[in-house]
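Chains A and B, in that order, are what the protein sequence lines are. All residue numbers for the first sequence refer to numbering that gives the first Met the number 0, where the first residue is 0 and numbers rise by one. All residue numbers for the second sequence refer to numbering that gives the first Met the number 0, where the first residue is 0 and numbers rise by one.
It should be emphasised that the hints constitute simulated quantities derived from the structure, not laboratory data. If a hint is listed, it holds; no wrong ones were tucked in.
Since the list can't tell identical chains apart, any single copy or any two copies may satisfy a pair.
DSS-like cross-link-like pairs, simulated, lysine-lysine; straight-line CA separation at most 30 Å:
id, residue 1, residue 2
1, Lys27, Lys359
2, Lys339, Lys224
3, Lys187, Lys224
4, Lys49, Lys222
5, Lys223, Lys137
6, Lys222, Lys137
7, Lys27, Lys49
8, Lys113, Lys223
2 protein chains.
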Amino acid sequence: MQIPAVFQPPFRLLMGPGPSDVAPSVLKAMSGPLLGHLDPVFVGMMEEIKIMLRQVFQTQNEMTFPVSGTGSAGMEFCFVNLIEPGDEVVIGVNGVFGTRMVDVAERCGARVVKVEAPWGQIIDPAKVAEALKQCRPKLVAIVHAETSTGALTPVEEISRLAHDAGAMLLLDTVTSLGGCPVKIDDWKVDAVYSGTQKCLSCPPGLSPVSFSARAMEVARQRKKKVQSWYLDVNMLASYWGQERVYHHTAPITMNYALHEALRLVLLEGLEARWRRHRDNHTALRNALEVMGLGLASQEGHQLWQLNAVTVPAGIDEAAVRRRLLTEFNIEIGAGLGPLKGKIWRVGLMGETSSRANVRKFLTAFCQILNEGGYKVATDAALAKL
Amino acid sequence: MQIPAVFQPPFRLLMGPGPSDVAPSVLKAMSGPLLGHLDPVFVGMMEEIKIMLRQVFQTQNEMTFPVSGTGSAGMEFCFVNLIEPGDEVVIGVNGVFGTRMVDVAERCGARVVKVEAPWGQIIDPAKVAEALKQCRPKLVAIVHAETSTGALTPVEEISRLAHDAGAMLLLDTVTSLGGCPVKIDDWKVDAVYSGTQKCLSCPPGLSPVSFSARAMEVARQRKKKVQSWYLDVNMLASYWGQERVYHHTAPITMNYALHEALRLVLLEGLEARWRRHRDNHTALRNALEVMGLGLASQEGHQLWQLNAVTVPAGIDEAAVRRRLLTEFNIEIGAGLGPLKGKIWRVGLMGETSSRANVRKFLTAFCQILNEGGYKVATDAALAKL
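For reference, chain A alone in the conformation it holds in the complex:
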């Protein structure tokens, strides 16, 4: 057998729906000497990760830690621990990740009531209120920032409705955390999951999660064992808590990376980081306007970190993405589901969100569009930055 050569990845500017660019110090952290998962030095670092995650999530929840899997494992973590067969769940569905929540919840035996909105629109609290009249859900689940459409659903009103109906609130913050306000305690979120590879700018591989005291109580009082051993919060609480009982071997180097990425988030400061995401989004949107290009997501609820740019008629969207990648080393994302072929997804997440990157992208993008027959005024667009 031929043994493959050493893998040498090219440098890409990651402007898709995640992963985003990673700071050099985060990449470097992963090359540090390996420790055992029960080493007191590693355990001390786990404590620092928990403390920093609480800060980033804006929560006091004791049970705040990174699940040893990517964002979807975090989603599954929330449902398997909180849902038992027959439980009712209300889920907001306005994109890929709401759709995925329904699938995950049903695999836990949940009876799901969907609150739907067209892709690109937010979940309407009035429709949630209506759904809550028809069932007695244990949980209301929504996606804060829909990565597939670029829409940001406000949380507070839906949270109030859920709690008034006696339900817990579960929030997907995979794309929002670190890029725009996420306030778990203020918003009374009971269960939340996120990913590392979006606005935290850490490579994928961990899913930060947090459970309120109420969610932990629900998990503890279950009638039936959690269907996933790997994601059972009751056992994970012993490893990540004071007892340090061996559960599974934590991904050591991924935790090194997360530790450094969280440090960078807090050194910048959450509010400054949110402003940076907002300002670069605004600059991009203004430039796109000059080019006659709009965003497909609902006006007033557009994500700062993920821009769903509508593809103009007559342009081959896949060819544009391919040229950006192969000729300019810039990755952007395609549309999914009903938005397939209709939008490009341009991410400005974490490290990627800078004016220099917006300029680099627009310069290449304008050139490709012009050569493809869609004429844009490059200089006028760039002047908006």
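Put chain B on the given structure of chain A with help from the hints.
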């Protein structure tokens, strides 16, 4: 809030039950530029990982890839895909990981028949045969190398019995893969999982798995959806197969590390690597004999990569481990379950398995034992290397 300082892990010699030491080129691989999970360059590397994993597992199975979680996620992957509620499963239980299999299988709704052996002993094929007379299992599952006890259960006879009874064979090779012969096709194993952080000497975070055509057919023909969305092989087959349908965001940098670690395994050659593990184990065992210390695992079935060293009377086993770690930067493992306090677990896995490391460990170990009142002839022991 005080922001923690940059984390700077100390250098440790990892001689516990895993993780093991990692080659510098593997650590360095993780610091390479980050790619997206659908980038054609990353996808090309995924193909190389699959090809190399097949070689290491000694299998032609198409469905051979790393699950995006640690070894226990690989265990769960096998059970959730192959088991439906009510299915019968025979599981060999002679340590922590057989015990864990029972828990995982029961969470899938399996009716489990246990074939037990005292910790440190192997699973007796005669007892498996007996169990197979009492039930009609879909699956027989055993742990090849029990990391908690240091015993290696031979596979071929049990495989024959399982197949004669119409069952599939599931094998845990977390600690065996890369350190001693593992021959998935020759042994007719239908489903296998492993970990990266043992004899493959890659940081923890991925679980290499392989399903035979029969196992894939069973997963495809299920009546009920797989209870885990994250681990559903039918969807993962689309991402890791030719279609490249987005499922979850793969842990990019962990795959970089695995690619490099597999390269190193194949560059050394499997047989040479197995011999190295055998020879360093033999050297350690001979030296321990001079010191009057034995192994707690069954004679003739002792693992080369994990040595269960019996703690002599009057010695505080935890104090020895603590001194090794804090004064000599050497990590070894404690006993678990019924072996708690009775053994030390000394790993010689992957990069860790060298004569120099055996010498380094024994030198420190002898000093600590002598100072602790258990007198050993250090020079005579070291002369055995």
